[in-house]
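Asks: Chains L and B, in that order, give the protein sequences. Here the numbering used here is used: position 227 in the first sequence is 227, and no number is missing along the way. Throughout, the numbering used here is defined as the position within the second sequence, counted from one, plus 342.
Treat the hints with caution; some may be incorrect.
Cut-off 30 Å, straight-line C-alpha distance, at most; resulting in silico cross-link-like pairs (DSBU-like, lysine-lysine) [as the list claims (entries may be wrong)]:
| id | chain 1 | residue 1 | chain 2 | residue 2 |
| --- | --- | --- | --- | --- |
| 1 | B | LYS392 | L | LYS127 |
| 2 | L | LYS127 | L | LYS180 |
| 3 | L | LYS180 | B | LYS392 |
Below, a sample of chain L positions facing chain B; criterion: calculated Cβ distance under 10 Å [as the list claims (entries may be wrong)]:
| id | residue |
| --- | --- |
| 4 | PRO39 |
| 5 | ILE49 |
| 6 | GLN319 |
| 7 | GLY320 |
The set of hints was computed from the structure by calculation and includes no laboratory data. Just so it is clear, CB atoms sit at the ideal spot from N, CA and C, and this is done for glycine as well.
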Amino acid sequence: MPKGIMDNRIVAGIIVAAAVGAAILAVIRLDIFGRTEVPVQYQYKLDQIAEVDPNLILYSELPRQIETGFRQARGVAIDANGSVFVAGDSRISVFDLAGQRVKTIDVPAGPQCLALAEDGTIYVGTKDHVEVYDAAGQQAGVWPTVGPEAFVTSIALGKDDVFVADAGRRTVLRFDRQGKAMGRIGDKDPNRGTEGFVVPSPHFDLAMAPDGLLRVVNPGRHRIEAYTTDGQLEVSWGRFGSDVEGFTGCCNPVSLAMLPDGGFVTAEKGVVRVKVFGPDGRFVGVVAGPRQLIGSAGEVCQTVDQCQNSGFDVAADRQGRVYVLDTQRNIVRIFEKKSKPA
Amino acid sequence: MNEKSQSLTRRGFLTEALWGTCLAGLGGLAGMAGARSRRNRTVWQIDPAKCVACGRCATNCVLQQSAVKCVHTFAMCGYCRICFGFFEPQPHALHEGAENQLCPMGALGRRFVEDPYYEYTVDEAMCIGCGKCVKGCNAFGNGSLHLQVRHDRCVNCNVCSIADACPSGAFRRVPADHPYLFKGGHT
Numbered sequence: 001m002p003k004g005i006m007d008n009r010i011v012a013g014i015i016v017a018a019a020v021g022a023a024i025l026a027v028i029r030l031d032i033f034g035r036t037e038v039p040v041q042y043q044y045k046l047d048q049i050a051e052v053d054p055n056l057i058l059y060s061e062l063p064r065q066i067e068t069g070f071r072q073a074r075g076v077a078i079d080a081n082g083s084v085f086v087a088g089d090s091r092i093s094v095f096d097l098a099g100q101r102v103k104t105i106d107v108p109a110g111p112q113c114l115a116l117a118e119d120g121t122i123y124v125g126t127k128d129h130v131e132v133y134d135a136a137g138q139q140a141g142v143w144p145t146v147g148p149e150a151f152v153t154s155i156a157l158g159k160d161d162v163f164v165a166d167a168g169r170r171t172v173l174r175f176d177r178q179g180k181a182m183g184r185i186g187d188k189d190p191n192r193g194t195e196g197f198v199v200p201s202p203h204f205d206l207a208m209a210p211d212g213l214l215r216v217v218n219p220g221r222h223r224i225e226a227y228t229t230d231g232q233l234e235v236s237w238g239r240f241g242s243d244v245e246g247f248t249g250c251c252n253p254v255s256l257a258m259l260p261d262g263g264f265v266t267a268e269k270g271v272v273r274v275k276v277f278g279p280d281g282r283f284v285g286v287v288a289g290p291r292q293l294i295g296s297a298g299e300v301c302q303t304v305d306q307c308q309n310s311g312f313d314v315a316a317d318r319q320g321r322v323y324v325l326d327t328q329r330n331i332v333r334i335f336e337k338k339s340k341p342a
Numbered sequence: 343m344n345e346k347s348q349s350l351t352r353r354g355f356l357t358e359a360l361w362g363t364c365l366a367g368l369g370g371l372a373g374m375a376g377a378r379s380r381r382n383r384t385v386w387q388i389d390p391a392k393c394v395a396c397g398r399c400a401t402n403c404v405l406q407q408s409a410v411k412c413v414h415t416f417a418m419c420g421y422c423r424i425c426f427g428f429f430e431p432q433p434h435a436l437h438e439g440a441e442n443q444l445c446p447m448g449a450l451g452r453r454f455v456e457d458p459y460y461e462y463t464v465d466e467a468m469c470i471g472c473g474k475c476v477k478g479c480n481a482f483g484n485g486s487l488h489l490q491v492r493h494d495r496c497v498n499c500n501v502c503s504i505a506d507a508c509p510s511g512a513f514r515r516v517p518a519d520h521p522y523l524f525k526g527g528h529t
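This is chain B alone, in the form it adopts within the complex:
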């Protein structure tokens, strides 16, 4: 009698499995509804005060090309002739030749304004979010270059794989109606 009550017949197993599947499905639906609701209210963003430009934004995004791009707060920039966000630490020459550029993708543009000032702009289509320019700009300059998640590209994963890998905890959820944390206080 005890053996019969403990053992599971095939019909019983299938019944239990069907109930379990239905319950799991209901749970999943509830989770998706909650997550979507949460996603609609918040998005992922990088806090530039915490970001250490480690390079993982370029390697860990689920997208083929990372949704993280370098952005430039022009009001903070020194417009330096020798910008170490643009140039390699040991440039061969102080011109825009590829061998002198810090960016592995050539995504930073340099335009002469007036002696001795140059303007630097980011080509987002080329930028992969590796943050080398951010490192150079922070170390030598005013830190006007910084990384931000671009929301015309980001798919707003529930669990951001870059956030999971970020060594400095720079990723956080921000309101979707103020999705950016630009340096200089603009949102």
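Isolated chain L (complex conformation):
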């Protein structure tokens, strides 16, 4: 080959090699797969407060789970026969002891919560009012709206009363069984020694206890308050704490249910766990911790939807089984107390 002549193939080879090298460098430098490790000071981990001592877990989960079929389930209740009522989307679904759907009740206004009377009457809380359905699922009444900016989140039944928790206006409303307004409970009143409810999010639960006192969760103050039916604050228990006995986060617990022995079941969001307390508010143990409920103790949630749907609802049946409505997966999980070793 004459001097000064360059082969086409060599030139092409040099250009291609340079292009491949530049591409490799770009891939490495740009980290297009997002594998750059985030410095530890920017990582948010909850391992230390989310891990639960296995000795404190007193319940085991039953194999059967109830698939609600909802896009968004919101509330669960158990009737005297053990049937499971789940409110979500625009209906209420009723499941038998085997987990089979036996009835559907349409609630076009969108049910947020429900309470079941002994005679089978169903009191359904929608965003701003209560609807009543009979045992056959027929609508028996629609109560007037409870007020502007209302957000009904829970209903509890007394002997002759219906108590409605309104998270939007941070108050508990008392009605008779026909829907006549009888008063309000828990509003800020220095004369009665009530500080008022602190409800930063739409999680505001209540339950009627066997002792006749209405138990109301005050989530922003991390405690459960006991009121007489005419609104007198009798006692309260609960505290903020990062330990397993306390309620962590800005506003917990999000749900409350009564056990047959007068004890309480609570559910928390953030550190998603379900715990049991005695009738006097003494910590008894854990039904399920974050590992059992969401599969992880460190990373509690990823997307906004997951995080905002981590406020599970709880209920209990007459045998003391705890029902947890998983609002992320829209299933009902059932937990039974472990039998003590002989």
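Given chain L's structure and the hints, the job is docking chain B onto it.
Replies: Here is chain B on its own, set in the frame of chain L:
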């Protein structure tokens, strides 16, 4: 004869190279004009519904201090006394001491309003966009804190290096005249 037609003389190589350079330059100019036109119409922004606050907004921006900042939709906030966007998961005490704060830069301010409510504000000059507060607020609170690209800082790269690293695909192009995707529906 065949060898002569296949081989490239020095003059020929230089001529070809000059043509190639001119063509590449024309192509580059056309690309720049197109990109600038596109940049003038759209900007980068984070969709807060997809953001998982992974921390890469703080580490991957081409700028020394990230153009991503935390913003606060006050209408969604609970004004909690114990805000887990502000406090560490295990605070030593419930006051504003640095050892209790979640933010590694101390960029969140806490101001007493009335019992038991506190207001939380973001000091953008201090914020590096790591998203720890967003994680805490989403997990425990109402999710009022979220990350947004600030367009008084962002240089609107053609290929955003944070967008490339984002594990949840939260970055997208939005119209430059509606450059923000604030929670609560405001743009």
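Asks: Each hint should be assessed against the structure and marked as holding or not.
Replies: Against the structure, the hints:
Using a Cα cut-off of 30 Å, the hinted pair B/LYS392 and L/LYS127 holds, with the two alpha carbons roughly 27 Å apart. A hinted pair counts as satisfied when its Cα atoms are at most 30 Å apart, and L/LYS127 with L/LYS180 qualifies at roughly 18 Å. Between L/LYS180 and B/LYS392, the direct Cα distance comes to roughly 45 Å. Violation of the 30 Å bound is thereby established for this hinted pair. Interface restraint check for L/PRO39: the shortest CB-CB distance to chain B comes to about 7 Å, inside 10 Å, so the restraint holds.
Evaluation of the L/ILE49 hint against chain B yields a held restraint, the C-beta minimum of about 5 Å falling below 10 Å. Because the smallest distance between the Cβ of L/GLN319 and any Cβ of chain B comes to about 33 Å, over 10 Å, the interface hint for this residue is violated. Taken as an interface hint, L/GLY320 does not check out: its beta carbon lies about 30 Å from the nearest beta carbon of chain B, beyond 10 Å.
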